[in-house]
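Asker: Using the sequences and the accompanying hints, generate a full structural model.
Counted the way the numbering used here counts, the sequence shown spans residues 1 to 211.
Hints were generated in silico from the structure; no laboratory data involved. If you're wondering where the values come from, they're calculated on a predicted model, not measured in any experiment. Each residue gets a CB set at the ideal place from its N, CA and C atoms; glycine is no exception. One should not assume that every hint holds.
[To be verified] Restricting the straight-line Cα-Cα distance to at most 27 Å, the calculated cross-link-like pairs of lysine-lysine (DSS-like) are:
no., residue 1, residue 2
1, Lys-113, Lys-62
2, Lys-113, Lys-24
3, Lys-133, Lys-159
4, Lys-96, Lys-81
5, Lys-110, Lys-24
6, Lys-81, Lys-113
7, Lys-189, Lys-110
8, Lys-186, Lys-62
9, Lys-110, Lys-201
[To be verified] Quick list of simulated restraints, FRET-style, between CB atoms:
no., residue 1, residue 2, range
10, Leu-86, Leu-136, 37 to 43 Å
11, Gly-118, Thr-162, 31 to 37 Å
12, Arg-76, Gln-128, 18 to 24 Å
13, Val-144, Lys-81, 40 to 46 Å
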Amino acid sequence: MAEKHLFQSKFLHESNMKYCEIFKNLPKEGLEPRQFLRHCFDIAELTPRELLEEETDSQYRKKCITVLCAVLGVQRPTVRKWGSDLNFDGIPNYCKFALAYIHAAEIAPKQLKSILRGEYSAPEVDAQTFLEKILLEGLSEQQVLQTVSHANFRATCVKTLTQVLHIGTKSVQDWGQDMSFHKMPKIHKHTLGYALAAISKSSSKNLQKAA
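Answerer: Quick look at the structure:
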């Protein structure tokens, strides 16, 4: 009994450690579409007058819609519904976090040409792959078995997805009863892909600093 209690305490401690590590390497705030797009088109550092010139170009909004469709994996009518100007005020909050992860991973500026040519494919990571990477990577086979059979494991999975995707707990719980969360919409799979890319980028930068 004491051994079981010790493992539970260790599990909770390691879970909290992993949370700290994950969220240390992810943006704490979403990124507004207008700002994200300015970074994409490398115009964020321009003067207000130069920005006005760029953003009032007849083709600029059309290109912005193309970018948002490509990186988020949504259709043009969806993006148009988010607003008729460059603020896209109707964009869901969880999409702003996806944009923040893309920016942190330094994907969009480098991929801009392929995005505009229609050659870009947004990364797609399912819930189980993400959770295994975040919660189970580096554990021995026995530790994995102990972890996934722990009473708190599902709650830990739900909490992780909720906090990374910035959506409600109920939505995540409705995606399925096991670790696969097989009903998770595709748009969130893209966000998980970007989250992993952002974590990887941040980790490599930290290693470079340490060196």
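Asker: Indicate, hint by hint, whether the structure satisfies it.
Answerer: We went through each hint and held it up to the structure:
For the hint pairing Lys-113 with Lys-62, the CA-to-CA distance comes to about 15 Å; that is within 27 Å, so the pair holds. Simply put, Lys-113 and Lys-24 have alpha-carbon atoms about 31 Å apart, too far for the 27 Å limit, and the pair is violated. Restraint check for Lys-133 and Lys-159: satisfied, since their Cα atoms lie roughly 15 Å apart, inside the 27 Å limit. Between the alpha carbons of Lys-96 and Lys-81 the distance comes to roughly 16 Å, so the proposed pair stays at or under 27 Å and holds.
At most 27 Å may separate the alpha-carbon atoms for a hinted pair to count; Lys-110 and Lys-24 meet this at roughly 24 Å. For the hint pairing Lys-81 with Lys-113, the CA-to-CA distance comes to about 25 Å; that is within 27 Å, so the pair holds. For the hint pairing Lys-189 with Lys-110, the CA-to-CA distance comes to about 21 Å; that is within 27 Å, so the pair holds. Only pairs whose Cα atoms come within 27 Å are accepted, and Lys-186 paired with Lys-62 is accepted, the gap being roughly 24 Å.
Of the supplied pair hints, the one linking Lys-110 and Lys-201 holds, its CA atoms being roughly 14 Å apart against a limit of 27 Å. Between Leu-86 and Leu-136 the beta carbon distance is about 42 Å. The supplied range of 37 to 43 Å therefore holds. Under the hint 31 to 37 Å, the C-beta atoms of Gly-118 and Thr-162, about 33 Å apart, fit the expected range. Between Arg-76 and Gln-128 the beta carbon distance is about 31 Å. The supplied range of 18 to 24 Å is therefore violated.
For Val-144 and Lys-81, the hinted distance range of 40 to 46 Å is satisfied, since their beta carbons lie about 43 Å from each other.
The structure does not agree with the numbered hints 2 and 12 stated previously, though it agrees with the rest.
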